[in-house]
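Engineer: One-letter residues, chain by chain:
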Amino acid sequence: MMASLHNALFQLALPEIILVVTALLVLSLDLLVLGKRSLRVRAGIATTLASAGCVIAIVRIVTAAHTANVLDGMLIANPLTQLVQVALLVMAILTLCIAVDSTFTEHVGEFMLIVLLATAGMMFLVASRDVLVIFVALELVSLSLYILTGFDKRSPRSAESALKYFLFGGMSAGFLLYGFSLLYGFSNSTNLARIAQSVQGAPLNPLLVIAMVTTVIGFAFKVAAAPLHFWAPDAYEGAPLPSAAFIASSSKVASFFIFYQVMTLGFAGVEGTAWPHSTAGWVPMLALVAVISMVLGNVAALAQSSVRRLLAYSAIGHAGYMLLAIVSHSGQSLSALIYYVITYGITTLGAFAVVGVVQESTGGDKLDDFSGLSRRSPVLAASLFIFMLSLAGIPPLAGFFGKFYLFLSVLGSAPRPLGLIWLVALALAMSAVSLYYYLQVLKRVYVAAPVEDDGKMEVPWLRQFVIVLLAAATVLFGAAPHLLLKWILLAAGQ
Amino acid sequence: MVAWTIYISFLGAVALLLMPKGNAALARTVALLTALAGFALALTAFAQQRTGEMLTVTRVPWIPSLGIQYHLAADGISLSLVLLTGVIAVAGILFSWNIALRTNEFFAFYLLLIGAVYGVFLSYDLFLLFVFYEIVIIPKYFLIAIWGSTRREYGAMKLALYSFVGSAMVLVGLIAAFVVAGAKSMALGDLAGYAFPLHFQMWAFPLVFVGFAILAGLWPFHTWAPTGHVAAPTAASMLLAGVVMKLGAYGCLRVAMTLFPLGLMPWGFHVLGMGSWRDVFAVLAVIGIVYGAMVALVQRDFKFVIGYSSVSHMGFILLGLMTLNQIGLSGAVLQMVSHGILAGLMFAVVGRMVYDRTHTRDLNALGGFNLSRTIPFAAFAFVVAGMGSMGLPGFSGFVAELMIVIGAWRAFPLLAIVVGVGIVVGVAYIWRAMQKAFFAEPGSAVAHEPLAPISIPEKLGAGILIVASVAVGLYPQMLLKIVVPALNSPLFDGLRKGNWQ
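Residue numbers (this note's numbering), protein chains in the order written: chain A, -14 to 479; chain B, 356 to 856.
Among the clues, some could well be false.
As the list claims (entries may be wrong) - Mimicking DSSO-like on lysine-lysine, the simulated pairs with C-alpha atoms at most 30 Å apart in a straight line are: (1) K21/A <-> K149/A; (2) K441/A <-> K539/B; (3) K814/B <-> K791/B; (4) K376/B <-> K814/B; (5) K351/A <-> K441/A; (6) K149/A <-> K471/A; (7) K513/B <-> K351/A; (8) K428/A <-> K513/B; (9) K836/B <-> K852/B; (10) K376/B <-> K428/A; (11) K471/A <-> K539/B; (12) K351/A <-> K539/B.
Hints are computed from structural coordinates only; laboratory data are not their basis.
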């Protein structure tokens, strides 16, 4: 009995185990064997090895059994979690490729180790339906991300933002754990479905409300939704670039997926409804958070002069849009959320990669540092053009279809079609606002002349390749959304 | 075949971006050939269209899970506007012959814009239509921000944001319609055939109509138009006034009015004498006609005169749509074509022939150049365009505006009288601008550098536009024979069942 259970657990957790083993291998190889070599060689070997580990993990996920459930939801597998896990691994590889020739640290092995551990944490996170495992996985992810944020030891900003991130994060983790403990008190179980069973019967008592609020606080912090967003602009700006890109993409994907699952599975039966015809529950609460995020993120982004901070505030706005999927919580909105967050991750990763190259060349990420980019590097400029317009939601790019499909699912969600039209109208109004600041960046790139003529920009080939690949994916998933959507719908069983 | 107008423009744009920089002549030639090919395709399709009915061009599944198709189709209305786009595209490139700054990029953005405009006119699936409609925004922004003049970045941003807000309104309406119909199809015919509840149409119609009408320069949402036109380089002003504003009017007719015809029904009560959205928009259109003309009358900047005249003329189109009778509606379509040609010609004269030579657009200063002597061809072209714009018989403007006024007379007699005032003022501001810019007595003889003579491409471009205007003016039947059947097609059943006369 135990043996077969262990075996099942091993089988199911194999991709994560592969990642952890790879991480340790990379670390020991880097410290023990390659210690004396140049930074370039070490980074190259470490990246190759780490990427190979990710690829093996992907292969394992694709070939593994499509549904499994160990220990009553402690760890599960279904096509949807596998799809998200593959997306996370692909983004991890791309993040590693962006990091390969950066110079912010000499601790290459440690950096790779932490990225891989964070990825393993995210994979556990999306594959669990048990609040205890969810919490532990979330902490693994968070702690890794705090370290990644502070990885540039020479930069005081990096340390400052890491500390800020850590303090806020620790507090929100406390809230989350408190909420989870209350849920356990209700239901005598840590399984989401069982929690829902006991929550459903009970009326909304004060303790349940507290559990609900603290859970939302914990996750809203992770997805950088207002009013729990204060860490985001600092972390996006202060962290070393690959870390910032990783926080903005992979961590978003995993957090949103599990946020959706916890709210819809664990709090099933106490949804309530949003305004108008409002009744108490978590839906009106999330609708409020979504509204604040959309408005605050998009309006605050207007005033930014640092492109990284601009991307941070835009991320808050996008978190607001994505929360609408949880507010409407229909089957279709889960597919829409996954499509949105994956394409958003790809686009943001690309945007950060471009910012990184520009920052290395000009020494800053202010708007003016982007002046004349179209003449200094047409390829980078064209890629940034695609990323920014996709974030703004201009067709035929992925961001447009993401928004279209998301808003469609929000409006179409039963029981009252069009009930949430005010939220959609607000979201679209805010995306019109967002066009202004995305165009501010593109204006520098295409309209303004270079501040001083620096000539052509040196772009490392691997990064250029990754950037072009991401731009191509953004166009492809936008012009032919079915390429991605078909897998999501298949996995979701629709 | 006609679908290739879209692809060939996009391919031309890509080719221009990939070509080596620095060879402006080559870039111009490639752009011109691309535009000519598009025009030839448009003309062929136009000549082949006999009945005016909707014919499917391309239809392949695109996003099957939502029932969205890549569905292009053309009827008489679309083909008339596709042809207009072809004419303006060719003329615009001829008037951009002197662009020396980043020539490749200029024409790439230009062709991208043209391709998307073709796409909007040919789309049958509303998702596809919306995709093309939004693609238009971006090249517009860069054409103005990079190559424009007076307050170009402000004008470009204002234009982009107005367009984007308008399209956001349209998107809300389209998604809502898709959800309410629950029909797993975004095809125009399917959605137009669905009987949406009255209360839904009552709010969806104004939302979508205004969303499109922002781009058509509906008063009081017109303020982007004069600033945008003035800031834009000549070719971009021509495209803006010539075809982009028509996209808005086309969307009003093709999408808002066919999907939500009941939105035009009376409310059952009256506010300020207006009893339905139809009355509201008709009044706004007439205010636009008179207001645009009045403001054009007092401008000092030559380009602002034309910019406000566009607002005035676009008011005629929207009024024509609101008459809901056959003569008014077909007049509106005719006016779309006519104003596209004439506004293109006027912006070409003011922006390219005059401003690029004199470097001023101040009407008082222009008198000193004695333009009717130094560049007589510009004076000739402007007089022709002005006569067309005033509505002199023989030019396209006359037929179009006459039909609209007749339609308006039947639908809103009182408003038709006010329109008369607008027409009179319209004669006055053209007369004033013409007199001050071209035929003023040169007072104190100021010494100027001799002006460069009008070049061959300019003459060619102006010639094309003049011929087009006169052809439509003398033989409007050429367009009407396919526009009228298109308006009588089942697609517009909803409108006809209302109060079609």
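Engineer: For every hint, state whether the structure bears it out.
Structural biologist: Here is how each hint holds up against the structure:
| no. | hint | verdict |
| --- | --- | --- |
| 1 | K21/A <-> K149/A | violated (35 Å) |
| 2 | K441/A <-> K539/B | violated (50 Å) |
| 3 | K814/B <-> K791/B | holds (23 Å) |
| 4 | K376/B <-> K814/B | holds (28 Å) |
| 5 | K351/A <-> K441/A | holds (19 Å) |
| 6 | K149/A <-> K471/A | violated (40 Å) |
| 7 | K513/B <-> K351/A | holds (24 Å) |
| 8 | K428/A <-> K513/B | holds (14 Å) |
| 9 | K836/B <-> K852/B | holds (22 Å) |
| 10 | K376/B <-> K428/A | holds (21 Å) |
| 11 | K471/A <-> K539/B | holds (16 Å) |
| 12 | K351/A <-> K539/B | violated (46 Å) |
Hint violations for this structure: numbers 1, 2, 6, 12, all remaining hints satisfied.
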